[in-house]
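Top to bottom, those sequences are chains S and X. Numbering that gives the first Met the number 0 numbers the first residue of the first sequence as 0 and each following residue consecutively. Numbering that gives the first Met the number 0 numbers the first residue of the second sequence as 0 and each following residue consecutively.
No lab work stands behind these hints: they were computed from the structure. Quick caveat, the model's predicted, so the values are computed rather than measured. All the pointers check out, no bait thrown in.
What follows is a list of derived Cβ distance ranges for each label pair:
id : chain 1 : residue 1 : chain 2 : residue 2 : range
1  : X       : Q23       : S       : T73       : 27 to 33 Å
2  : X       : S9        : S       : T73       : 33 to 39 Å
3  : X       : E153      : S       : G147      : 32 to 38 Å
4  : X       : R63       : S       : G76       : 54 to 60 Å
5  : X       : Q23       : S       : G76       : 22 to 28 Å
Beta carbons: idealized from backbone N, C-alpha and C, even for Gly.
Single-letter residue listing:
2 protein chains.
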Amino acid sequence: MNQDSAQHVSLRGAVALSHLLLRQRVRAGDRVVDATCGNGNDTLLLAQLVGPTGRVWGFDLQDRALDATRELLTAEGCLSPVELIRAGHERLGEFVTEPLTAVVFNLGYLPGGDKEVVTRPVTTLRALNGALDLLLPGGMLLVAVYTGHDGATEEEKAVLVWGSGLDPKAFNVWTSRQLNRPPTAPYLVLVEKRGA
Amino acid sequence: MNQDSAQHVSLRGAVALSHLLLRQRVRAGDRVVDATCGNGNDTLLLAQLVGPTGRVWGFDLQDRALDATRELLTAEGCLSPVELIRAGHERLGEFVTEPLTAVVFNLGYLPGGDKEVVTRPVTTLRALNGALDLLLPGGMLLVAVYTGHDGATEEEKAVLVWGSGLDPKAFNVWTSRQLNRPPTAPYLVLVEKRGA
Numbered sequence: 000m001n002q003d004s005a006q007h008v009s010l011r012g013a014v015a016l017s018h019l020l021l022r023q024r025v026r027a028g029d030r031v032v033d034a035t036c037g038n039g040n041d042t043l044l045l046a047q048l049v050g051p052t053g054r055v056w057g058f059d060l061q062d063r064a065l066d067a068t069r070e071l072l073t074a075e076g077c078l079s080p081v082e083l084i085r086a087g088h089e090r091l092g093e094f095v096t097e098p099l100t101a102v103v104f105n106l107g108y109l110p111g112g113d114k115e116v117v118t119r120p121v122t123t124l125r126a127l128n129g130a131l132d133l134l135l136p137g138g139m140l141l142v143a144v145y146t147g148h149d150g151a152t153e154e155e156k157a158v159l160v161w162g163s164g165l166d167p168k169a170f171n172v173w174t175s176r177q178l179n180r181p182p183t184a185p186y187l188v189l190v191e192k193r194g195a
Numbered sequence: 000m001n002q003d004s005a006q007h008v009s010l011r012g013a014v015a016l017s018h019l020l021l022r023q024r025v026r027a028g029d030r031v032v033d034a035t036c037g038n039g040n041d042t043l044l045l046a047q048l049v050g051p052t053g054r055v056w057g058f059d060l061q062d063r064a065l066d067a068t069r070e071l072l073t074a075e076g077c078l079s080p081v082e083l084i085r086a087g088h089e090r091l092g093e094f095v096t097e098p099l100t101a102v103v104f105n106l107g108y109l110p111g112g113d114k115e116v117v118t119r120p121v122t123t124l125r126a127l128n129g130a131l132d133l134l135l136p137g138g139m140l141l142v143a144v145y146t147g148h149d150g151a152t153e154e155e156k157a158v159l160v161w162g163s164g165l166d167p168k169a170f171n172v173w174t175s176r177q178l179n180r181p182p183t184a185p186y187l188v189l190v191e192k193r194g195a
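Input sequences plus hints: build the corresponding full structure.
This is the structure:
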């Protein structure tokens, strides 16, 4: 294995797998969305991948999350392609109309934040459908599903039913789970729009 | 999405996902194994990725499979890094002793070949363990699991039990399934050796 491959992040956890897929698919100049900024780690990767000629829209309901994300992006010198929006992910379509290469979701509460503020099935499904409408052929929707918060089981079921109902002629839908970790470990749902 | 991303293959099927992961991880000069050549499609990708300075060992029990693979590699001008070996995948360790970046398995029968000649749980587990012993940190074992052949359920169970028992400190183990296709659709098991 050469130096280039040695730089790869170990595929431990749903976010690591999500990041591998983003690195593989997102290119300089692309338009992408972080539907749930949280502490800004996904937003940062997206900003690095699209670079100054691309565009990232980052959503979060909580000022605390947007502040943390802005701080991280500023520290890394990556704020220029990013627009941060204080709104729930279900309002994505009000702010973004351009075709997208990737949309990233983390379902659950803000790590270190208020555990009462969580994503909910109805708004999550609205958000996922809104994201799907904007995907380019070959574009990816990446959903890290956490099972730790109140109502997670209901939300999880809603996402799995939604994903299993997507037309296989139009979308490739994958669930990836870690086989040697507890069944409650976060997992990844990937939806790829076909036709690339 | 730019031209580079537009070249990506659609993630339809376990082999497509496996190929994305191989493209992301395998580099020129690497050492890799195709444990089950079949019609040679995985061997071809591996040969293209490692190039003339790398090395690919390709195994199959059937002359028909090795002939098809040799023909494909020759037609594509990629035969030089490849050594084709007529032996079951469980004998991998007899022929390969170098550390590996990737080992690819397809469990099941040769497409278009004799459906009586299939992979079997005992030899499959021996082969998987043999492959694991040779993986470099960051190296990947990619197993496309088919459910169509005689004894597939038993083999599938054996592979899942094996994977779920691997030490999470040493290996990241993932199963990826297509959510909007029948539960009998082939799926992918990925084992990554940690420590890269």
